[in-house]
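Participant: Note that the protein sequences, when read in sequence, are chains R and F.
The opening residue of the first sequence carries number 59 in my numbering; numbering runs sequentially from there.
The opening residue of the second sequence carries number 9 in my numbering; numbering runs sequentially from there.
FYI, nobody ran anything at the bench for these hints, they're computed from the structure.
Just so you know, even glycine gets a beta-carbon here, dropped at the ideal spot from N, CA and C.
So, partial list: chain F residues that the calculated Cβ filter (under 10 Å) puts toward chain R: (1) Gly9; (2) Ala49; (3) Gly100.
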Amino acid sequence: NAGVTQTPKFRVLKTGQSMTLLCAQDMNHEYMYWYRQDPGMGLRLIHYSVGEGTTAKGEVPDGYNVSRLKKQNFLLGLESAAPSQTSVYFCASSYAEEQFFGPGTRLTVL
Amino acid sequence: GEDVEQSLFLSVREGDSSVINCTYTDSSSTYLYWYKQEPGAGLQLLTYIFSNMDMKQDQRLTVLLNKKDKHLSLRIADTQTGDSAIYFCADGSQGNLIFGKGTKLSVKP
Numbered sequence: 059n060a061g062v063t064q065t066p067k068f069r070v071l072k073t074g075q076s077m078t079l080l081c082a083q084d085m086n087h088e089y090m091y092w093y094r095q096d097p098g099m100g101l102r103l104i105h106y107s108v109g110e111g112t113t114a115k116g117e118v119p120d121g122y123n124v125s126r127l128k129k130q131n132f133l134l135g136l137e138s139a140a141p142s143q144t145s146v147y148f149c150a151s152s153y154a155e156e157q158f159f160g161p162g163t164r165l166t167v168l
Numbered sequence: 009g010e011d012v013e014q015s016l017f018l019s020v021r022e023g024d025s026s027v028i029n030c031t032y033t034d035s036s037s038t039y040l041y042w043y044k045q046e047p048g049a050g051l052q053l054l055t056y057i058f059s060n061m062d063m064k065q066d067q068r069l070t071v072l073l074n075k076k077d078k079h080l081s082l083r084i085a086d087t088q089t090g091d092s093a094i095y096f097c098a099d100g101s102q103g104n105l106i107f108g109k110g111t112k113l114s115v116k117p
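Between the sequences and the hints, there should be enough to build the whole structure, so can you do that?
Facilitator: Given below as structure tokens:
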């Protein structure tokens with residue numbers, strides 16, 4: 059099993075550009091999450107999903123959209139990137155108490 | 009909202025014990041977690057404790073929970089250089105996880 063994978067690993071965007079981050083899991087988990095990690099801020103939940111076709115807002119959802127069209131995939135979209143969205147983005151999935159994390163995507167917005 | 013607090017840094021010598029502390033505010037917390045993050049990597053679950061337990065031991069790791077004071081600690085016995093990482097405390101009571109800012113553990117040879 060690959061576990062939780064994220065694509066891409068690194069990306070540099072210019073202000074105003076758009077992009078989609080892909081998260082995939084092969085563990086048949088119902089729950090999936092997107093977090094951002096900033097220095098001195100820990101991890102903050104952006105959006106999450108409790109099953110295929112469902113999404114919900116987390117702590118810091120503004121400027122992001124998500125979709126869960128297939129159970130194994132959770133997409134995070136930035137429609138118009140801003141420098142404040144420079145961060146490391148982590149995806150996670152879970153079926154019970156433990157969340158399994160992907161390796162992260164480092165995004166820089168210039 | 010609910011909050012989780014941790015000290016940001018801890019430095020120990022190899023072979024010593026490390027104790028990382030965490031406080032949380034949600035009195036209805038059910039599960040409390042410790043995650044480890046090595047440089048450039050994602051988070052890895054180390055252990056978790058259910059709120060009706062006071063202590064959980066797993067090899068070199070000991071978790072202590074004081075519900076009255078809403079205090080959680082992680083003790084690493086015989087700390088090794090490979091234990092150098094950032095350790096996150098997380099509260100799972102809200103359905104999702106609320107993370108502390110992380111404690112960076114540095115282990116000196």
